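Visitor: Note that the protein sequences, when read in sequence, are chains A and B. Numbering (UniProt numbering) for the first sequence: 1 to 435. Numbering (UniProt numbering) for the second sequence: 1 to 167.
Treat the hints with care, as some may be off.
Using 16 Å as the maximum straight-line C-alpha spacing, the simulated EDC-like pairs for lysine to aspartate or glutamate come out as follows [to be verified]:
{"#": "1", "chain 1": "B", "residue 1": "32", "chain 2": "A", "residue 2": "116"}
{"#": "2", "chain 1": "A", "residue 1": "113", "chain 2": "B", "residue 2": "53"}
{"#": "3", "chain 1": "B", "residue 1": "41", "chain 2": "A", "residue 2": "86"}
{"#": "4", "chain 1": "B", "residue 1": "41", "chain 2": "A", "residue 2": "360"}
{"#": "5", "chain 1": "A", "residue 1": "252", "chain 2": "A", "residue 2": "112"}
{"#": "6", "chain 1": "B", "residue 1": "138", "chain 2": "A", "residue 2": "157"}
{"#": "7", "chain 1": "A", "residue 1": "326", "chain 2": "B", "residue 2": "133"}
{"#": "8", "chain 1": "B", "residue 1": "41", "chain 2": "A", "residue 2": "369"}
{"#": "9", "chain 1": "B", "residue 1": "33", "chain 2": "A", "residue 2": "157"}
{"#": "10", "chain 1": "A", "residue 1": "318", "chain 2": "A", "residue 2": "409"}
{"#": "11", "chain 1": "A", "residue 1": "154", "chain 2": "B", "residue 2": "52"}
{"#": "12", "chain 1": "A", "residue 1": "159", "chain 2": "A", "residue 2": "205"}
{"#": "13", "chain 1": "B", "residue 1": "141", "chain 2": "A", "residue 2": "205"}
{"#": "14", "chain 1": "B", "residue 1": "13", "chain 2": "B", "residue 2": "99"}
{"#": "15", "chain 1": "A", "residue 1": "326", "chain 2": "B", "residue 2": "155"}
{"#": "16", "chain 1": "A", "residue 1": "252", "chain 2": "A", "residue 2": "356"}
{"#": "17", "chain 1": "B", "residue 1": "41", "chain 2": "A", "residue 2": "121"}
{"#": "18", "chain 1": "A", "residue 1": "326", "chain 2": "B", "residue 2": "53"}
{"#": "19", "chain 1": "B", "residue 1": "41", "chain 2": "A", "residue 2": "112"}
{"#": "20", "chain 1": "A", "residue 1": "326", "chain 2": "B", "residue 2": "93"}
{"#": "21", "chain 1": "B", "residue 1": "143", "chain 2": "A", "residue 2": "369"}
{"#": "22", "chain 1": "B", "residue 1": "143", "chain 2": "A", "residue 2": "205"}
{"#": "23", "chain 1": "A", "residue 1": "159", "chain 2": "A", "residue 2": "86"}
{"#": "24", "chain 1": "B", "residue 1": "41", "chain 2": "B", "residue 2": "4"}
{"#": "25", "chain 1": "B", "residue 1": "73", "chain 2": "B", "residue 2": "52"}
{"#": "26", "chain 1": "B", "residue 1": "32", "chain 2": "B", "residue 2": "4"}
{"#": "27", "chain 1": "B", "residue 1": "138", "chain 2": "B", "residue 2": "152"}
{"#": "28", "chain 1": "B", "residue 1": "141", "chain 2": "A", "residue 2": "112"}
{"#": "29", "chain 1": "B", "residue 1": "138", "chain 2": "A", "residue 2": "146"}
{"#": "30", "chain 1": "B", "residue 1": "143", "chain 2": "A", "residue 2": "157"}
{"#": "31", "chain 1": "A", "residue 1": "113", "chain 2": "B", "residue 2": "52"}
{"#": "32", "chain 1": "B", "residue 1": "33", "chain 2": "A", "residue 2": "369"}
{"#": "33", "chain 1": "B", "residue 1": "41", "chain 2": "A", "residue 2": "205"}
{"#": "34", "chain 1": "B", "residue 1": "32", "chain 2": "A", "residue 2": "118"}
{"#": "35", "chain 1": "A", "residue 1": "318", "chain 2": "A", "residue 2": "410"}
Because the hints were derived from the structure by calculation, they are not lab data. Fair warning: this is a prediction, and the values are worked out from it, not measured in the lab.
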Amino acid sequence: MNRPDGQLEEEKVFKDPVHRYIHVRDQLIWDLIGTREFQRLRRIRQLGTTYLTFHGAEHTRFNHSLGVYEIMRRMVENLEKKMTWETDERLVCLAAALLHDVGHGPFSHSFEKVFDTDHEEWTRRIILGNTEINEVLSRMGGNFPEHVADVIAKTYENKLIVSLISSQIDADRMDYLLRDAFYTGVSYGQFDMERILRVMRPMEDQAVFKHSGMHAVEDYIMSRYQMYWQVYFHPVTRSAEVILSKILHRAKKLLAEGYDFQQTPKHFLSLFESTMTLEEYIRLDESIIFYYFQAWEQEEDAILRDLCRRFMDRRLFKYVECDPSKQMLIWPELQRLFTAAGIDPDYYLVIDSSSDLPYDFYRPGEKDERMPIHLLMPDGSLRELSRESDVVEAISGKKRTDHKLYFPEDLLLDQKEYGEEKRRILSLLHEQEGM
Amino acid sequence: MLHEHAKLLSLLKGTGEVVGRKKLQKMVYIAKKMNEPFREKYQFHMYGPYSEELTLRMEEMCQADFIGEVREKKGGYYQYRYEIADKGEEFLEAVRLPEGTVNENLLRRLNESSSKFLELVSTVLYFEHFPKEEIKAKIGKLKARQNYSEEDIEEAFSYIESLRNSH
Numbered sequence: 001m002n003r004p005d006g007q008l009e010e011e012k013v014f015k016d017p018v019h020r021y022i023h024v025r026d027q028l029i030w031d032l033i034g035t036r037e038f039q040r041l042r043r044i045r046q047l048g049t050t051y052l053t054f055h056g057a058e059h060t061r062f063n064h065s066l067g068v069y070e071i072m073r074r075m076v077e078n079l080e081k082k083m084t085w086e087t088d089e090r091l092v093c094l095a096a097a098l099l100h101d102v103g104h105g106p107f108s109h110s111f112e113k114v115f116d117t118d119h120e121e122w123t124r125r126i127i128l129g130n131t132e133i134n135e136v137l138s139r140m141g142g143n144f145p146e147h148v149a150d151v152i153a154k155t156y157e158n159k160l161i162v163s164l165i166s167s168q169i170d171a172d173r174m175d176y177l178l179r180d181a182f183y184t185g186v187s188y189g190q191f192d193m194e195r196i197l198r199v200m201r202p203m204e205d206q207a208v209f210k211h212s213g214m215h216a217v218e219d220y221i222m223s224r225y226q227m228y229w230q231v232y233f234h235p236v237t238r239s240a241e242v243i244l245s246k247i248l249h250r251a252k253k254l255l256a257e258g259y260d261f262q263q264t265p266k267h268f269l270s271l272f273e274s275t276m277t278l279e280e281y282i283r284l285d286e287s288i289i290f291y292y293f294q295a296w297e298q299e300e301d302a303i304l305r306d307l308c309r310r311f312m313d314r315r316l317f318k319y320v321e322c323d324p325s326k327q328m329l330i331w332p333e334l335q336r337l338f339t340a341a342g343i344d345p346d347y348y349l350v351i352d353s354s355s356d357l358p359y360d361f362y363r364p365g366e367k368d369e370r371m372p373i374h375l376l377m378p379d380g381s382l383r384e385l386s387r388e389s390d391v392v393e394a395i396s397g398k399k400r401t402d403h404k405l406y407f408p409e410d411l412l413l414d415q416k417e418y419g420e421e422k423r424r425i426l427s428l429l430h431e432q433e434g435m
Numbered sequence: 001m002l003h004e005h006a007k008l009l010s011l012l013k014g015t016g017e018v019v020g021r022k023k024l025q026k027m028v029y030i031a032k033k034m035n036e037p038f039r040e041k042y043q044f045h046m047y048g049p050y051s052e053e054l055t056l057r058m059e060e061m062c063q064a065d066f067i068g069e070v071r072e073k074k075g076g077y078y079q080y081r082y083e084i085a086d087k088g089e090e091f092l093e094a095v096r097l098p099e100g101t102v103n104e105n106l107l108r109r110l111n112e113s114s115s116k117f118l119e120l121v122s123t124v125l126y127f128e129h130f131p132k133e134e135i136k137a138k139i140g141k142l143k144a145r146q147n148y149s150e151e152d153i154e155e156a157f158s159y160i161e162s163l164r165n166s167h
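Construct all of the structure, not just a fragment, from the sequences and the given hints.
Guide: This is the structure we're talking about:
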């Protein structure tokens with residue numbers, strides 16, 4: 001096998017619980033899967049802290065990336081019957097699907113918030129930098145690595161190709177909805193992907209869906225809606241996420257103050273200082289995070305020690321529903337009481353909002369920045385999905401925002417010290433919930 | 001408490017009102033590129049850099065009655081007009097952002113430009129790590145429908161330079 005863009009002599013398959021089999025026929029794809037940067041994704045969970053809520057959610061970005069590749073492979077196979085592709089564009093699609101998440105780090109949502117980094121930027125650097133992935137892609141010649149990076153960044157000239165991997169209904173979302181539903185064990189993430197792929201039709205800027213397949217698309221939208229509220233936005237998962245972020249904030253602050261760590265976070269130093277190299281980034285994975293969190297359970301600093309124990313032993317914060325317009329009236333008093341009770345409100349009193357999530361659900365709107373889903377009508381015209389579907393229309397206009405206030409109830413219930421302040425805090429928090 | 005929301009409210013308070021969702025998106029992106037402390041994450045979309053996080057935050061503030069959103073019919077589509085509401089003013093008071101957190105002069109200046117021009121400026125900024133000629137080529141390909149002229153693109157470059165020099 002000499003040609004890197006050639007077919008393998010024998011097809012390789014991966015068993016997969018979601019798609020049954022993942023088929024690899026191209027040498028390029030097989031070689032990309034074997035790179036160390038792609039193998040690293042085995043050590044990064046797809047759903048971050050969700051495993052603390054749904055114990056089955058231990059699947060990784062490796063599984064998901066293979067799944068997105070497989071859906072893209074099927075899409076390309078279907079679309080090839082209806083359109084002609086430029087040279088290499090089939091492989092650009094497949095490689096982009098496989099590599100779209102390669103820049104994700106461990107618990108990347110929290111890391112990105114605290115350190116102001118961007119996994120998409122790391123994806124680009126891994127694809128274009130001095131890496132095994134770049135070496136494999138470069139064998140294709142020309143600007144192949146740049147084309148793959150551009151598709152993932154949504155700046156590739158061919159919008160149809162971009163839309164297959166990143167749009168309101170794309171290979172990425174279809175895989176993560178099905179996969180996350182499977183591994184969390186929830187029953188409401190299912191939809192008929194085969195049917196959706198069969199009714200997909202290529203247009204200049206995006207793929208559209210034959211009107212006859214509308215009900216399969218409706219199911220997909222319902223799945224997205226249900227998974228958003230029931231899994232991605234689960235309050236317990238968010239509690240773990242809040243604690244994780246606070247651990248990182250605390251470590252960052254202590255380091256800036258010159259605190260003498262028993263276990264210095266040397267793997268994060270360059271991240272704290274915004275000087276992290278590509279090689280250092282590639283070496284970061286969840287095992288390193290857990291190593292530090294476990295070591296920090298013995299630190300002198302009481303806040304860092306407590307937060308790490310909470311995260312590792314799943315002693316999470318409790319929450320109450322929060323209406324910001326009412327919360328603002330009691331916020332200064334809550335902060336004062338927390339401080340008076342010896343509990344630092346910067347780490348133990350947190351509002352988490354729906355806008356803090358990296359997931360969304362379908363919003364129609366012809367003039368929005370995001371291309372809506374279009375149906376191909378029998379007369380050849382296009383109609384936005386919610387204008388044809390009562391189901392989609394019904395869930396599109398509903399309240400979509402939510403805020404929760406997180407706090408350590410166990411500390412507040414232990415009233416041996418500062419009993420008066422703690423009782424007052426609990427009373428204010430529960431009044432807030434009843435408002 | 002909700003500091004990122006408070007920064008957006010400061011923006012609206014400082015500018016009076018912002019007309020158009022797209023314009024607001026581009027104003028925040030450009031301000032962020034000018035090192036203003038907005039934290040919303042952006043990706044490249046149909047009209048250039050776009051933040052889903054910003055869209056959701058605005059929606060949250062509409063539902064909390066912190067901002068007023070007026071939907072107006074304009075030609076074949078709807079346009080949205082945003083301004084801070086009384087409850088939003090009260091919230092800003094409660095949060096007490098440090099003085100000068102948001103650069104009002106910069107934001108007012110951005111607000112004076114058209115949404116179409118800010119779309120071009122934000123797209124240039126999105127690709128600014130590329131050589132100038134390559135940026136022009138990308139705009140030609142990705143923004144073909146907006147039909148930006150060579151002069152428009154040069155004006156965007158000058159505008160960015162003047163923003164950087166004066167803020």
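Visitor: Assess, step by step, whether the Cα of residue 113 of chain A is no farther than 16 Å from the Cα of residue 52 of chain B, and give holds or violated.
Guide: holds, 15 Å
Visitor: Hey, residue 141 of chain B versus residue 205 of chain A, does the alpha-carbon distance stay inside 16 Å?
Guide: holds, 13 Å
Visitor: Check the hint pairing residue 32 of chain B with residue 116 of chain A against an upper bound of 16 Å on the C-alpha distance.
Guide: Holds: residue 32 of chain B and residue 116 of chain A sit about 12 Å apart, inside 16 Å.
Visitor: Sort out whether residue 118 of chain A lies within 16 Å of residue 32 of chain B, counting only the CA atoms.
Guide: holds, 14 Å
Visitor: Going straight from one Cα to the other, do residue 159 of chain A and residue 205 of chain A come out at no more than 16 Å?
Guide: OK: residue 159 of chain A and residue 205 of chain A at ~5 Å, within 16 Å.
Visitor: Residue 326 of chain A and residue 155 of chain B: Cα distance at most 16 Å?
Guide: At roughly 46 Å apart (the allowed maximum being 16 Å), residue 155 of chain B and residue 326 of chain A break the hint.
Visitor: Is the hinted pair residue 41 of chain B and residue 369 of chain A satisfied, with a Cα-Cα distance of at most 16 Å?
Guide: holds, 15 Å
Visitor: Run the distance test for residue 73 of chain B versus residue 52 of chain B: straight-line Cα separation, threshold 16 Å.
Guide: violated, 23 Å
Visitor: Does residue 369 of chain A lie within 16 Å of residue 33 of chain B when you go C-alpha to C-alpha?
Guide: violated, 20 Å
Visitor: Under the criterion that the straight-line Cα-Cα distance not exceed 16 Å, is the pair residue 138 of chain B, residue 152 of chain B satisfied?
Guide: holds, 14 Å
Visitor: Would the hint linking residue 138 of chain B and residue 157 of chain A be met if the CA-CA limit is 16 Å?
Guide: Holds - the C-alpha atoms of residue 157 of chain A and residue 138 of chain B are around 8 Å apart, at most 16 Å.
Visitor: For residue 143 of chain B and residue 369 of chain A, compute the direct alpha-carbon distance and say whether it is at most 16 Å.
Guide: Holds - the C-alpha atoms of residue 369 of chain A and residue 143 of chain B are around 14 Å apart, at most 16 Å.
Violated hints, in rising order: 3, 7, 9, 15, 16, 18, 25, 28, 32 and 33; the structure is consistent with all others.
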